[in-house]
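With the sequences and hints as input, model every part of the structure.
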Amino acid sequence: MSYKDYIREEKLPLMWCKGCSHGITLASIARAMDTLKLDPEKTVVVTGIGCWGKSDDYFRTHVFHGTHGRALSFATGIKIPKEELKVLVLMGDGDGTTIGGNHFLHTARRNIDMTAIVTNNFNYGMTGGQYSSTSPEGSITSTSKYGTAEKSIDICDLAITSGATYVGRSTPYHVKQMDNLIAEAVDHKGFSMVEVTSLCPTYYGRYNYRANSVDMMKMMKDQGVKKSKYDELDESKKKECFPIGKLHQVEEEDFNTKYKKVKESIN
Amino acid sequence: MGEVKFLQGNEACAEGAIAAGGRFFGGYPITPSSEIAAVAAAKLPKVDGCYLQLEDEIASIAAVIGASMSGAKSFTATSGPGFSLMQENLGVAVIGEVPCVIINVSRGGPSTGLATKQAQGDVMQTRWGTHGDHSIIVLAPSSVQECFDLTVEAFNLSEKYRTPVIVLTDKTVGHLREDVEIKKPEELEIVDRKKPTCSPEEYKPYKPDTDMIPPISNYGDPHLQRVNSSMHGEEGFLDMSPENSQKVVQRLWDKIEKNIDDIGMIETYHMDDAETAIISFGISARSSLQAVDKARKEGQKIGLVQLKTLWPFPEDKIKEAVKDCSDLVVVELNMGQLALEVERVFRDKDVLRINKFSGEDILPGEILEKLKEVPS
Ligand SMILES: Cc1ncc(C[n+]2csc(CCOP(=O)(O)OP(=O)(O)O)c2C)c(N)n1
Chain A
1 MSYKDYIREE
11 KLPLMWCKGC
21 SHGITLASIA
31 RAMDTLKLDP
41 EKTVVVTGIG
51 CWGKSDDYFR
61 THVFHGTHGR
71 ALSFATGIKI
81 PKEELKVLVL
91 MGDGDGTTIG
101 GNHFLHTARR
111 NIDMTAIVTN
121 NFNYGMTGGQ
131 YSSTSPEGSI
141 TSTSKYGTAE
151 KSIDICDLAI
161 TSGATYVGRS
171 TPYHVKQMDN
181 LIAEAVDHKG
191 FSMVEVTSLC
201 PTYYGRYNYR
211 ANSVDMMKMM
221 KDQGVKKSKY
231 DELDESKKKE
241 CFPIGKLHQV
251 EEEDFNTKYK
261 KVKESIN
Chain B
1 MGEVKFLQGN
11 EACAEGAIAA
21 GGRFFGGYPI
31 TPSSEIAAVA
41 AAKLPKVDGC
51 YLQLEDEIAS
61 IAAVIGASMS
71 GAKSFTATSG
81 PGFSLMQENL
91 GVAVIGEVPC
101 VIINVSRGGP
111 STGLATKQAQ
121 GDVMQTRWGT
131 HGDHSIIVLA
141 PSSVQECFDL
151 TVEAFNLSEK
161 YRTPVIVLTD
171 KTVGHLREDV
181 EIKKPEELEI
191 VDRKKPTCSP
201 EEYKPYKPDT
211 DMIPPISNYG
221 DPHLQRVNSS
231 MHGEEGFLDM
241 SPENSQKVVQ
251 RLWDKIEKNI
261 DDIGMIETYH
271 MDDAETAIIS
281 FGISARSSLQ
291 AVDKARKEGQ
301 KIGLVQLKTL
311 WPFPEDKIKE
321 AVKDCSDLVV
331 VELNMGQLAL
341 EVERVFRDKD
351 VLRINKFSGE
361 DILPGEILEK
371 LKEVPS
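Going down the list, the sequences are from chains A and B. Counting with our numbering, you get residues 1 to 267 for the letters of the first sequence. Counting with our numbering, you get residues 1 to 376 for the letters of the second sequence.
There could be a bad hint or two in this list.
[As the list claims (entries may be wrong)] Just so you have them, the derived chain A footprint on chain B, three or more residues with Cβ under 8 Å: (1) 17 to 26; (2) 42 to 54; (3) 62 to 73; (4) 230 to 242; (5) 331 to 337.
No lab work stands behind these hints, which were simulated from the structure alone. Think of the CB as a built atom: it goes at the ideal place given N, C-alpha and C, for glycine as much as any other residue.
Structure below.
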């Protein structure tokens, strides 16, 4: 099999705007599936609502396209009765950590064995570029013309604090790293989360940097700093960039394993 | 013969769910439904099932829907406020055609209202709570035995029609203790979802058979499944064309409404020679039953039609039962939600309403008192 076998080529071209990086992430996921030789019959791609929520259209696996913010909850139900399924949950930042923040926290805490891939374009693409809980403070969006007055969430920090057992971050510029991270995350047993910063030149880039996709790609290259290097930077320098790569991994029993032990103890 | 136990309505619902094959419960505690969760939590791990307590009702029904598509018969239990939180994803189960059972043990509202008190105020919420046009199946037990039997029936109907089914009980039925026969699974008729018979390549998740119901492939099966909450064509991909949208909504409606004979259940009592018919459901039907007995002793020709199916509204069966009655009396613990439907169907008859929304049940004596207003 090749990575293309996981993609529904008949559904191309992609539906996303020119310059959007969702296609890069999509291909990266397909390559990770191929690296792990996932069986499409035992793989479920779960999405919510948003631009990235449309990504299930392109996968030749089982899919579930649910409601905005609830993808992890549908996925939790999908995983529990059928442990052998590989479950990949694809969400935007709005989907994953804004409207879905509570589910994100609890799915991580339960250590349900699945992989969340959160594309963070720092705004709500689908509904016209409004601010999200990940929009950096002061961001200009269609609903914050004078700059947001809210602190933003760091998705990876949130995942680690909540109990995710694998957390990584990559960018559309660092494709090889993204491929490896996603494959490693999917292979990890327990709740894994990969944040992919993403380019939204149509809204976020245009409003905040007057940037096109190429400019934004350069920003990703400059701002994404390998974790080992990032850790050595001064606090002031850290503010200008973000760590990428594997940020956290621990071995811990996942929910299904623990629940099985509960069952064994009573039967 | 199954085992006879002295149980609460809520406990009987949980027993019924497990007897019907329910193996996944996802829920969030709320009075007066919590005993259902407690029994599910105690029993499911013993039958290789799972009880999961989620962070809220939104996640609960989402997990129930997901688990069902992985092949586990799934259910949840809640009360009015939690049921409100489930409404958006109830719509997912409708348009995604996912079998599952939601038990709503209703209590007094609006809002947190009378959190620990009795009411039947969710008749319309079960019918129209989620957005858009759709049909729905709602069953309403009035005794502990019916809690068991109708929960089994709810699972069967949900599997058969590929749709969510709601069991609507109320605080009094939920907490009532009575003898109940817990039938063994082998004594029950259990319906399982229809699986595809075509090759995996040919499978289309939303291509209906002539019975209007598409076969279900579960996650993990060779036939790739595409559950889609958006308007979709037969393959499960977005299709918002006017032709497709019209067709899909119509089929979702017809697969239930055109099978009303199979789904609609009523129980009649002293209706043979009745001149006045009480129409009621849930605990109010129990009060009505006693009122009928007392009225009969005084020589009044009164009967009862108890609705076991609230939606789709079994209008033909009710029409047949009350055809010789000049008056109809609708008894319910709300401001007249069921009466609205009765009045819609029976424009040619007088409809008297008996309502209470104080958090207490309607007593048989109160019904008798009100019945004096029926013109004789
Ligand atoms: C309950 C609910 N509220 C609001 C919406 C409208 N809505 C659709 S997509 C979206 C935001 C999507 O943003 P994000 O998840 O970041 O994904 P992106 O489109 O940026 O990829 C919103 C608010 C909805 N579909 N459902």
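Any hints from earlier that this structure breaks? Give me their numbers in increasing order, please. 5
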